[in-house]
Amino acid sequence: MLRFILRRLFQSLLVLGVVFTATFFLIRLKPGDPFSGEKAMPASVRAQMEKRYGLDLPVWKQYFVHAAAFARGDLLPSLRYEGVPNAKIIADSFPVSLVIGLSALTIAIGVGLPAGIVAALRKNTWLDYSAMSLAMLGICLPTFVMGPVLQWIFGLKLGWLNVAGWFERSDWILPSATMGLIYAAYIARLTRGGMLEVLNQDFIRTARAKGVPGRQIVMGHALRGGLLPVVAFLGPAFAGITTGSFIIEKIFQLPGLGQHFVGSVFNSDYTLVQATTVFYAALLVLINLGTDILQAWLNPRVRLT
Amino acid sequence: MSAILEVTDLQVSFHTRHGVVKAVDGVSLRVEAGQTVGIVGESGSGKSVTCYSLLGLIPQPPGRIEGGRAMFGGQNLLGLSEAELQKVRGSRISMIFQDPMTSLNPYLKIGTQLVEPLRLHQGLSKAAAWARGIEALREVGIAEPTSRMDQYPHEFSGGMRQRVMIAMALITRPELLIADEPTTALDVTIQQQVLDLIKDLQKRLGIAVIFITHDLAVVHEVCDVVNVMYAGRLVESAKAEALFAQPRHAYTRALMRSIPALQDRGQALYTIPGLPPDLSLLPSGCAFRARQTEDRQGLCLTDRPPPLREVAPQHWIQDCPGCVEGGLS
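As they're listed, the protein sequences go chains D and Y.
Under our numbering, read the first sequence as residues 1 to 305, first letter to last.
Under our numbering, read the second sequence as residues 1 to 329, first letter to last.
Treat the hints as calculated values from the structure; they're not laboratory data.
Among the hints, erroneous ones may be present.
Stated by the list, open to error - Non-contacting residues of chain D with respect to chain Y, defined by C-beta distances greater than 10 angstroms in every case (computed):
1. Ala-91
2. Val-99
3. Thr-143
4. Gly-235
5. Val-262
To be verified - Residues on chain D that point at chain Y, a partial pick, calculated with CB under 7 angstroms:
6. Ala-164
7. Gly-165
8. Glu-168
9. Lys-210
10. His-221
As the list claims (entries may be wrong) - Reference excerpt, derived from the structure (chain Y facing chain D, CB under 8 angstroms, subset only):
11. Lys-87
12. Arg-89
13. Ser-103
14. Pro-106
15. Tyr-107
16. Glu-116
17. Gln-122
18. Gly-123
19. Leu-124
20. Ser-125
21. Trp-130
22. Thr-146
23. Ser-147
24. Met-149
Just so it is clear, the structure is predicted and the values come from calculations on it, not from any experiment.
C-beta: ideal position from N, C-alpha, C; glycine also.
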């Protein structure tokens, strides 16, 4: 187990290196540069800026300078937000995304799992049909439709919550619900499928033949196997949700990390692109490791090697 | 001898989109304490459904128990609620199944599954149940039972898993064990070991066994009484010696002719031509008529199902003039 984790962490470093390298060169293929704004910059100022950020060096030299900095854990300063370290930008915005993401995930699991289990247990009844129709609707509805609908109902009509912004304690509710309900739809469908698959297995019949009561069959015998597809889905979903969604942040005017993902590319903010991408990759790698461990715990046939 | 299980006129049907399938039609069975009773028949003859419906294990709907009685220890199993049945299942009547590879839960430790009936039905503490579990594994001949308890089913071979199933079924010392083709999915070499184990434990614990199989050779070896089923009905029922000495019904004879071991070397294996009838379109008369090869199909009943008659003490035969040589009367 420990060896598995150490090996995976070592592999992760390689992955992060590849991600960093790819990002470094790809973003520089993009037309324009960090200082090409709407207003043309005097050549002398531009030269000054490039010198200050080391952009006057040959690209291969820049690569090694940046790589060395990242390897030390220094994410370099942003090129656009002058002098602000990228680490600070991430540290300021990630907590917002994390709060929204975690509560969205809680909603997604809290709604999706029970709905999927009930739908599987009451297969082909009105309960199943209505849960699955709602789930289908949730999957089909894009966030930019769901978000404004919730804003309209709870922000404008009922006036219970702020339409947008990040000022009050309750401001996490609407964005989390928007994201959470949509993920709940996926989770409900995956849970239903997984549970149905397991409930049809011979070993469920064995459990019934042993006199195990229905609820205990679901909790003790079926749930473990039934949750495997959900766990596999949750890993990547978790990384995606917690690092922020650009669309959700736009709709609800949130100072989250998602805006920087997109914004830094538009701004050709080379160092911020590198920082956010490597940060996201690191998170994804860690969460996938967690998912693998969780799956091995759920399914004894999975070996961690 | 008194019967511990007496099934009378059991009727089970499945209500599907394609009509009503009469899976079990008027089956009666009697199991005495300590006895081994065989139910033999082809796939789809209703032998498994008969036993599953006794314990409420058929899916309802589409399955429905239309009639009959199953007296077990003074109560009618068919009239019990699900909660009451749960107290019978795994406690007083246990089951083992055909495929040991899929019948154990792959996500749970062998020990956890093995002692579950004890925890459920006898309210044993975890430690006490675990100790009994180790004992039970030893009883079915599993080496190093203590460490095996902590393993998972995928770490066991097919024969070992069936041993675990047997240990699990008998751990509560039930009065009746229903074995649904327990050797069919096993290697031939393992089959004999598992049969011997069941016979041995049965003798030691004094339990009755219902043995469901399509293999007459197995029946010959283990059963005291044999019930031959065809198309959801009993065709012949007798003491094993009587049945094997003189099979009266054409279907029983045909089954016996298809035992490979009884045929001469080099001869093509005998098979019964055709397939069992579609149970949703059951013929009104003798169900075996279409597949009968004894040149007396013309005499088979076509207007009504042949009734069961007792021709000798405890020897019952479906009285169809075409299928029973010389007729009964």
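Mind checking the CB of Gln-122 of chain Y against every CB in chain D and telling me if the closest is under 8 angstroms? violated, 11 angstroms
Does the CB of Met-149 of chain Y sit less than 8 angstroms away from some CB of chain D? It is violated, given that the least Cβ distance between Met-149 of chain Y and chain D is near 14 angstroms, above 8 angstroms.
Measuring from the C-beta of Lys-87 of chain Y to each C-beta in chain D, is the shortest one below 8 angstroms? holds, 7 angstroms
Does Ser-147 of chain Y pass the interface check with chain D, least Cβ-Cβ distance below 8 angstroms? violated, 15 angstroms
If I take the minimum Cβ distance from Ala-91 of chain D to any residue of chain Y, is it greater than 10 angstroms? Fine: 41 angstroms to the nearest Cβ keeps Ala-91 of chain D off the interface.
Holds or violated: is there a CB of chain Y closer than 7 angstroms to the CB of Gly-165 of chain D? Because about 46 angstroms separates Gly-165 of chain D from the closest Cβ in chain Y, which is outside the 7 angstroms limit, the hint is violated.
Status of the hint placing Thr-146 of chain Y at chain D (closest C-beta pair under 8 angstroms): violated, 18 angstroms
Let's test the interface hint: is any C-beta of chain Y closer than 7 angstroms to that of His-221 of chain D? His-221 of chain D check passes; min Cβ-Cβ to chain Y is 6 angstroms, inside 7 angstroms.
Once the closest CB in chain Y is found, is it more than 10 angstroms from Val-99 of chain D? At about 34 angstroms from chain Y, Val-99 of chain D clears the 10 angstroms cut-off, so the statement holds.
Pro-106 of chain Y was flagged as interface toward chain D. Is the shortest Cβ-Cβ separation under 8 angstroms? At about 6 angstroms, which falls below the 8 angstroms cut-off, the nearest Cβ of chain D leaves the hint on Pro-106 of chain Y intact, so it holds.
Quick check for students: does the CB of Thr-143 of chain D sit more than 10 angstroms from each CB in chain Y? holds, 35 angstroms
Hint status (Cβ of Trp-130 of chain Y to nearest Cβ of chain D, threshold 8 angstroms): violated, 16 angstroms
When the structure is compared with the earlier hints, violations turn up for hints 6, 7, 8, 17, 18, 19, 20, 21, 22, 23 and 24 and for no others.
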